[in-house]
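Undergrad: Model the full assembly from the supplied sequences, consistent with the hints where possible.
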Amino acid sequence: MQATTKNHAQLSEAFIADEPRTDWHDETLWFVRSKRDKAVHQVPEWELLREWASAIKNHTLSNLDNYLVDFERNANANGVVVHWASNASDHNNIVLKIMRDNQVKRVVKSKSMLTEECHLNPFLIENGIEVVDTDLGERIVQFRNEPPSHIVLPAIHLKKQDVSETFHEHLHTEKGNNDPQYLTEAARQHLRSKFIASDLAITGVNFAIAETGGFVVCTNEGNADMGAHAAKIHIACMGFEKIIPKLEHLGVFLRLLARSATGQPTTTYNSHFHRPRNGQQMHIVIVDNGRSKQLGRPEFRNSLKCIRCAACFNTCPVYRRSGGHSYHTAVAGPIGSILNPNIDMRANADLPFASTLCGSCSNVCPVKIDIHDQLWKWRQVLVAEGYVANGKKLGMKGMAFVLAYPKVYRIAGKMGRWVMRVLPFVTNNKLLNPWYKQREMPEAPKASFRDWYRKNRGGS
Amino acid sequence: MKVGLFVPCYIDQFYPQVAVATLQLLEKQGCEVVFPLNQTCCGQPMANSGFANLAKGCDRNFVENFDGVDYIVGPSGSCVLHLKEHLHDGNNEAKATYIRQHVYELVEFLVDVLKVEKLPSSFPHKVGLHISCHGQRGLHLSSMSELVAPPFSKPEKLLSMVKGLQLSKPARMDECCGFGGTFCVFEEAVSVKMGKDRVGEHAANGVEYITGADTSCLMHLEGILKRQGSTVKTIHIAEILNS
Amino acid sequence: MSRASILTAITNNKPSLVDLPIIDINAVIQYDDVVAQFKAVLESIGGLAIELNNMQELESEVQAEKAKGHYIINTLPELGEVDKDLATQVVATLETVHKAYLRGAIAVAENGAVWLYEHQMVNRLSPFICQHLVLVVEKRNIVATMHQAYQHIDAGKEGFGVFIAGPSKTADIEQSLVIGAHGARSLVVYLV
Numbered sequence: 001m002q003a004t005t006k007n008h009a010q011l012s013e014a015f016i017a018d019e020p021r022t023d024w025h026d027e028t029l030w031f032v033r034s035k036r037d038k039a040v041h042q043v044p045e046w047e048l049l050r051e052w053a054s055a056i057k058n059h060t061l062s063n064l065d066n067y068l069v070d071f072e073r074n075a076n077a078n079g080v081v082v083h084w085a086s087n088a089s090d091h092n093n094i095v096l097k098i099m100r101d102n103q104v105k106r107v108v109k110s111k112s113m114l115t116e117e118c119h120l121n122p123f124l125i126e127n128g129i130e131v132v133d134t135d136l137g138e139r140i141v142q143f144r145n146e147p148p149s150h151i152v153l154p155a156i157h158l159k160k161q162d163v164s165e166t167f168h169e170h171l172h173t174e175k176g177n178n179d180p181q182y183l184t185e186a187a188r189q190h191l192r193s194k195f196i197a198s199d200l201a202i203t204g205v206n207f208a209i210a211e212t213g214g215f216v217v218c219t220n221e222g223n224a225d226m227g228a229h230a231a232k233i234h235i236a237c238m239g240f241e242k243i244i245p246k247l248e249h250l251g252v253f254l255r256l257l258a259r260s261a262t263g264q265p266t267t268t269y270n271s272h273f274h275r276p277r278n279g280q281q282m283h284i285v286i287v288d289n290g291r292s293k294q295l296g297r298p299e300f301r302n303s304l305k306c307i308r309c310a311a312c313f314n315t316c317p318v319y320r321r322s323g324g325h326s327y328h329t330a331v332a333g334p335i336g337s338i339l340n341p342n343i344d345m346r347a348n349a350d351l352p353f354a355s356t357l358c359g360s361c362s363n364v365c366p367v368k369i370d371i372h373d374q375l376w377k378w379r380q381v382l383v384a385e386g387y388v389a390n391g392k393k394l395g396m397k398g399m400a401f402v403l404a405y406p407k408v409y410r411i412a413g414k415m416g417r418w419v420m421r422v423l424p425f426v427t428n429n430k431l432l433n434p435w436y437k438q439r440e441m442p443e444a445p446k447a448s449f450r451d452w453y454r455k456n457r458g459g460s
Numbered sequence: 001m002k003v004g005l006f007v008p009c010y011i012d013q014f015y016p017q018v019a020v021a022t023l024q025l026l027e028k029q030g031c032e033v034v035f036p037l038n039q040t041c042c043g044q045p046m047a048n049s050g051f052a053n054l055a056k057g058c059d060r061n062f063v064e065n066f067d068g069v070d071y072i073v074g075p076s077g078s079c080v081l082h083l084k085e086h087l088h089d090g091n092n093e094a095k096a097t098y099i100r101q102h103v104y105e106l107v108e109f110l111v112d113v114l115k116v117e118k119l120p121s122s123f124p125h126k127v128g129l130h131i132s133c134h135g136q137r138g139l140h141l142s143s144m145s146e147l148v149a150p151p152f153s154k155p156e157k158l159l160s161m162v163k164g165l166q167l168s169k170p171a172r173m174d175e176c177c178g179f180g181g182t183f184c185v186f187e188e189a190v191s192v193k194m195g196k197d198r199v200g201e202h203a204a205n206g207v208e209y210i211t212g213a214d215t216s217c218l219m220h221l222e223g224i225l226k227r228q229g230s231t232v233k234t235i236h237i238a239e240i241l242n243s
Numbered sequence: 001m002s003r004a005s006i007l008t009a010i011t012n013n014k015p016s017l018v019d020l021p022i023i024d025i026n027a028v029i030q031y032d033d034v035v036a037q038f039k040a041v042l043e044s045i046g047g048l049a050i051e052l053n054n055m056q057e058l059e060s061e062v063q064a065e066k067a068k069g070h071y072i073i074n075t076l077p078e079l080g081e082v083d084k085d086l087a088t089q090v091v092a093t094l095e096t097v098h099k100a101y102l103r104g105a106i107a108v109a110e111n112g113a114v115w116l117y118e119h120q121m122v123n124r125l126s127p128f129i130c131q132h133l134v135l136v137v138e139k140r141n142i143v144a145t146m147h148q149a150y151q152h153i154d155a156g157k158e159g160f161g162v163f164i165a166g167p168s169k170t171a172d173i174e175q176s177l178v179i180g181a182h183g184a185r186s187l188v189v190y191l192v
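Residue numbers (the working numbering), protein chains in the order written: chain A, 1 to 460; chain B, 1 to 243; chain C, 1 to 192.
Don't take each hint at face value.
If the Cβ cut is set under 7 Å, some of the chain B residues that face chain A in the computed set are [stated by the list, open to error]: (1) Val7; (2) Leu54; (3) Arg137; (4) Glu187; (5) Arg227; (6) Thr231.
These are calculated hints, taken from the structure and not from any lab test. Yeah, the Cβ is synthetic: ideal placement off N, Cα and C, and Gly gets one too.
TA: Set out below in structure tokens:
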């Protein structure tokens, strides 16, 4: 993760400075949103499915401790080793210890937002392990030493020219050949050699099934399977909210996931892992890292229903125009803006404000998380906890005072209109007034409605 | 039927013609309309910025002013939604509750309560409809593109009664304009970019006016249009329906 | 101990118990013709479904492929000799597989997916590492949606199982769809 002290507003201003590229980013993600719309309209019971998924997750959260214990017991019976990690550092150390115990040097990894959240890659690399991300988008950003900008489409901020340059540098592809087919083929050849040579594969987990102790990993590329089935050791890392009670519930979630994410009827590979193959070790690391704290916040706990489809990213008019890196966290977008303040309020105090509260995120969410309402509620918490700049606070107090007292309001309004009419340079100042930087101020009328009403309808 | 006219603060100060049109429109429909002179604001600017606790004075003032009417009607979806969701008054909670349940945005009041089926209005222009998020996703003034549900639109229903009006809808029919309350200044760059994109789509459709049920969205779009030197104008739906 | 502290924190912080919903499969979409639906969806995601009258037609294809000198995996006795070393084959050798012929247990009309049990792949890598994949599914084993699919299979019975829907693909470069990311470059499903 890039260390940054800039906030979302500053980072997005820098992103938007390249307007044609911003337009391209917006349109590319809108295209994904449109594919999603088309796919969900093929399913007449779509809203019912969302309702079921939400209810299954709500139930699961209300019985999570028991389901996790069931899951562990069943996984152990299947010959799978289960580990528990309270935080990112525990998680990383558990993974490293498995590697050290088995003298592993080379690791392939399929997409796992949890490992991004825990910053596993830099930790392993510091400890002398070669880590190769095998999802194409993740490999691209790994070569570029950038974090993913999107949880489903990690390199969506890049154009094919950027990828071509990166591959030319790292994979010696032809300079200037920007054909996605050609570039993907180069990555296929490169990564197949890595799959064959690696000792250990790390995957994420999309769903973990309490009743069987198994877990499901969904990919389109097949990289999780290439890695896991070729390696002698498979480690699957999961946040504890990935639990679902029964196999039959996959029928609900797998109908929702890919349609919401990319508009596909399903991901190409929905792989169900239950037992290691002969001679293989299989490990599962169950991670808390702030999740139990979020579970204890009644207003925010249902953010733990998230299945990481990123539909809220693709529909968000702010995300589409500010890019994933403007959120400066592993999980960006609207869902990230309600998850990250739980992990670090100070560092992420800007994120709940990076929204117009338009509500589109909540509407596309396949598990019906009330994302935009939670953004609003986080704002209240962040102000109450003192994480909002003093200038904003003073302005708000002034505004609250004026609006609470009708007489003050009338005088202030008159002053405001008078000032704007007579001294337009006071407010028409691009430095002092962010509104005026790229927008004209509304023309101040001679009279307020109140004045008109008194004059035409009487009253005082 | 006694209707309390709720005129949001920025409409009172900057867009009095929207309030006049709303008042006249309601009166033409036979409502007895009162305008409580000591009203100020719904409290949304503070609450959406995380300062809901500072809006208490505003809330108290609102409840005092709108006590005793059958309905409260205002020409702003966003302010009305805020009242419906967040208006409370510890000393007068019963009155606050009545207001929350009887406050309407103008379009929904005309369609759902007054059940308006025809209007004598005429507006012979090509008009682009901007759907405001709070009116749509909050007050359900129209169906939402994200959901698998039957389509409907209350503003379109009313605009279809206006003689000569040629309605134009953008392809991204319910994309946010980027106003977002204080978002428009604290996230200035994204806010303006969103507004420019909305304006661009309407302009490409060759509209003369952009209309909507939320003056705040229109104020933002108007600011951008004027800066661009565009000939496209903004107009509140109440002004069209009252024309 | 992380385990104990995590579980205690969850116990303390979880909301009071809410019920599981009742999943009413009767409320879910039905298709007049699941075969036609399956074929149409599979084609839309880059695969191909072909109805087959008898296995002999396919047997000659397998023999022809083998005759070209390609490394062909066959796991179906009806299609001729089956590979005996497949279960224990080393990865580097499997990487050279040109085409794999495997049987699938069921197919799903709504999304073009085919379920394979581990015993049907013989080696877990075989459906992924081959350049081209051919699956054989009985027509009577096509179900409408994933709900019925999970009623028909026992997804936790074997160590591994997978739904495969179409060939391997990616759109990670500018959302341009490319078939053949890491797994099979093509998928044909024969319906018998």
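Undergrad: State for each hint whether it applies.
TA: Each hint tested on the structure:
Checking Val7 (chain B) against chain A: minimum C-beta separation of about 5 Å stays under 7 Å; hint holds. A cut of 7 Å between beta carbons decides the hint on Leu54 (chain B): the least distance to chain A is about 4 Å, and the hint holds. Annotation: Arg137 (chain B) was flagged as interfacial toward chain A, and the flag holds, the nearest CB pair being 4 Å apart, inside 7 Å. With its C-beta approaching chain A no nearer than about 5 Å, Glu187 (chain B) sits inside the 7 Å limit, and its interface hint holds.
Taking 7 Å as the C-beta contact cut-off toward chain A, the hint placing Arg227 (chain B) at the interface holds, the least distance being around 5 Å. Hint status for Thr231 (chain B) relative to chain A: violated, with the closest Cβ pair at about 14 Å, above 7 Å.
Checked against the numbered hints above, the structure breaks only hint 6 and satisfies the rest.
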